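Since the structure of chain L is already known, use the hints to place chain G on it.
Single-letter residue listing:
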Amino acid sequence: MKAARAAVAGEVVAGAAVASATAAVDTGVDVGRRNALKLGGLTVAFLWTGARSAASAAISARRQPSDAAAAAADGNPAFAPNAFIRIDADGLVRLVMPNVEMGQGIYTGACMMLAEELDVGMDQIRVEHAPPNEELYSMPLLGGQITGGSTSTRGHWGVLREAGAVARSMLVAAAAERWHVDPASCTVARGVVTHEATKRSLGFGVLAKAAATAPEPAKVVLKDPKSFTLIGKPLRRVDSADKVVGATQFGIDVKVPGMKIATVMACPTFGGKLMSVDDTRTRAIPGVIAVLRLDAAVAVVGEHFWAAKQGLDALDITWDRGDNADLTTAKLREALADKSNNGTSIVAREVGKKPADGKLVYATYQLPMLAHATMEPLNTTVWITPDKCEIWVGTQVPTRCVTAAAKITGLPEAKVVLHNQYLGGGFGRRLETDSVEQALHLAKQVSYPIKVIWTREEDIRHDIVRPMYHDHISAVLGDNGLPVWYGDRVAGGTVLGRWAPSAMGKDGLDDDTVECAATVPYDIPNLKVEWVRHDMPAGLIVGWWRGVGPTHNLFVVESFMDELAHTAGKDPLEYRRALLQKNPRSLALLNLAAEKIGWGKSALPARVGRGIALGEPFGSRICVIVEAEVSAQGEVRLLRAVVALDCGVAINPSSVEAQVQGGLLFGLGAALYNGITLKHGAIEQSNFHDYRSLRMNETPLIELHRIDNLESPGGLGEVGTAIAAPALANAIFAATGVRLHSLPVNRALLVQNGGALKDVVT
Amino acid sequence: MFVLHVNGEAHSVDVPADMPVLWVLRDIVGLTGTKFGCGIAQCGACTVHLDGQAVRSCVLPISAVGDKAVTTIEAVGKTPTGQKVQQAWLDVDVVQCGYCQSGQIMSASALLARTPNPNDADIDAAMSGNLCRCATYVRIRAAIKQAATGKIEAPQTVPAGAA
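For the protein sequence lines, the chains are L and G, in the order given.
Terminal number for the first sequence in this note's numbering: 767, no gaps in between.
Terminal number for the second sequence in this note's numbering: 152, no gaps in between.
Next comes chain L alone, as it looks inside the complex (with noise of 0.2 Å):
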């Protein structure tokens, strides 16, 4: 694995191929901007909304207008070269993190990157959340201070290098003028410059204030990857330490002076509202402190969460159910299929014609909508005063919830405070500030800090679900049992066309629909791709969930080319090896992944099948097989999951095993067990028990094998689930021979025959 990656960084330094991961990098290059138009999807998406609107910022390495007061703001360091870096008079170097920390270990990652360029250890280093800033710290990917989409990674991997360099580079000057030698004779490592030849040192925290008037230099050198130090090395999260005795701080946690806590309930239909409240029974409960309507919901302040949840129990309320109050899972997929079967497509991507000649092969897949089920339930800390508002909570979109501060307490944007918290898990709920909202409601009617948690039940009732889809995909076998053409006709809800509705692409196009659907890895020349817009009832939100766009396409997708595969009676590992000729990066990972897992090499014992799903999403490439069992009453059992992955410059290997194997694990849970219901216009999921998450013993072995090379770092926090229930669906095929055309896992088209179900399980 070394040897191969020296060879290439030989090559990098001659060739302009790999541009990005080498090499002197000018003023003002936005690397993760350029790479951006390769990649796909919800990237892309965003990517438009930034060349369409001037006033979009990303991070940079290099000094901007707004640095001084952010930095003035944050302990007024000696030396603050940038957004991301703060070295203190007394040596200690504070690093800035642009995104946050949700679990997918951005901090160490980042970290990583600056500690690089700046030759600081890891040891040496404290993180600090990043304040809401739009200037200073707007993902280039995404067009705003934004986590999420698998887009960190590839857009600090140019920016946060190239800020240790630039800080680094004015440390060595501030020492070399002051010793009187060529800044090109020092060397630097752990926070100190040598000049070897007079054998003098000084740290950063002595240069500090000389390095803040060096003039920032024009052009760095960013290290040849050979040199890295840090980069590839399996290092620890920079925050485990405290995440393994309880002190991290998430926004659960947070503790104002003088804070209650309130526990909330809304209607529970979607578009309902509040009627009226009977609180009698609720004023009587020692501790509860107050209650307080809302257009929608109720909350209950208590001295302590346990008066608050009491208090809010022994509410009587009624709702206006509204006009969703007869809607049903069944209404909701019957009108999906219909727009599905009559409405009219947007083409995302037509390549060729239908041939009229040929094998044609049709499936219709449907999916359902998911919960998100953080481990932290939803919770925002609020105090309004009349000249301030003060909010504390994890957030995917710190500037979102100060705009929407700013907005309900009417105060300007200056006078809201955020301060970011550790995240219990987003998966993409916490991109939304429906929650946070509805506690500065709340909070606008107290005079002193709230603390609004929802319950589990509330958390899941009140989730912004992962849209339901139902897709028509087709192909025309050639005479070798090969398609010719490949059609995908996506219908269901859009995220972005509320999200961020200038992003939508021609023709109304929401790109992330069809991502994964679009492109495929495979040789096929002719190609329709197309989706059909249809909207939810008034109410009913949808949003973004792990994986995205790809977590829908690939299971549709790579479900189908198994499907292709039988009917042309082929080797599913052979039939996508002849479709990956053209595409020797993807073909690399089937292979290793089929060998590592011994594919063909055995038989397997019976109602025990393998399934092979391969993606390229979020900039990454994916290949993982599943070996499960189904038993005769139709319960599934993962076996083992090999997975390959091509992820380019493996930034941390430790984080990228976790985040696939955490990644994986998740998809293969949601498409085993989750789908959320409706019934009465409510969601009837509520809790662990019948919105069921993965558990050890349920666990499977996981290998993942890495092909490394020096290609710009890919997404890795969504590529796991993306891939997830292909492979498990595929497996379950060649278990039983039962093709899943929909998720979760049915398990009573799983059993053997009538007479299993009389058996006795032990």
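Hints are computed from structural coordinates only; laboratory data are not their basis.
Hints are not guaranteed to be accurate.
Said to hold, decoys possible - In the DSS-like style, the derived pairs of lysine-lysine whose C-alpha atoms are separated by at most 30 Å in a straight line are: (1) 260(L) with 393(L); (2) 228(L) with 214(L); (3) 260(L) with 57(G); (4) 67(G) with 57(G); (5) 260(L) with 449(L); (6) 364(L) with 224(L); (7) 140(G) with 260(L); (8) 214(L) with 224(L); (9) 601(L) with 344(L); (10) 238(L) with 73(G); (11) 265(L) with 412(L); (12) 140(G) with 601(L); (13) 511(L) with 358(L); (14) 67(G) with 140(G); (15) 140(G) with 238(L).
Predicted, not measured: the structure shown is a model, and the values here were computed from it.
Same frame as chain L, but now just chain G:
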């Protein structure tokens, strides 16, 4: 008025008899390392030790505790087993978002105190009540084995200071 013995200290608390220990810890005593996840003993984020036994504090009324000693994530590191578990969690770098990990570590510590050398079935039995939405289960299993045996069970991360 109840007296709750937490991490070796006695706390007099004026709370309702049915108040779960979780909320007494978090909102009255001020120890927020113990987490709220579900409120119905389905996720294990609230796991603490009651006289060394792992219990779900979200469904444990304070009136049921009596004189028993409550140990939380903030103090479990003072026991040899807890210390070993926390160290293994670092060496294997188990955590992701970290929200469930207090509960995971409390369940794992109770397991090892009772069963010093657990097999996979023991681990499944002791740990399947603790959900992790980041699904760090592969590393949790490795870290428990490593804490038990002292043998390296998974590729080790490099501590920050060694970099």
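To see whether the hints hold, each was checked on the structure:
1. 260(L) with 393(L): holds (18 Å)
2. 228(L) with 214(L): Measuring from Cα to Cα gives roughly 25 Å; hence the hint holds.
3. 260(L) with 57(G): holds (28 Å)
4. 67(G) with 57(G): Distance of about 18 Å is within 30 Å: holds.
5. 260(L) with 449(L): holds (19 Å)
6. 364(L) with 224(L): Given that 30 Å is the threshold and the Cα spacing comes to 59 Å, the pair is violated.
7. 140(G) with 260(L): The given pair, whose Cα atoms are some 40 Å apart, is violated under the 30 Å limit.
8. 214(L) with 224(L): Holds - the C-alpha atoms of residue 224(L) and residue 214(L) are around 22 Å apart, at most 30 Å.
9. 601(L) with 344(L): violated (44 Å)
10. 238(L) with 73(G): With a Cα-Cα distance of about 25 Å, the restraint between residue 238(L) and residue 73(G) holds, given a limit of 30 Å.
11. 265(L) with 412(L): Judged against 30 Å, a Cα distance of about 24 Å means the pair holds.
12. 140(G) with 601(L): Answer holds: residue 140(G) to residue 601(L) is near 25 Å, not above 30 Å.
13. 511(L) with 358(L): holds (21 Å)
14. 67(G) with 140(G): Given pair residue 67(G), residue 140(G) holds - Cα atoms ~22 Å apart, limit 30 Å.
15. 140(G) with 238(L): holds (22 Å)
Comparing the model with each numbered hint stated earlier shows that hints 6, 7 and 9 do not hold.
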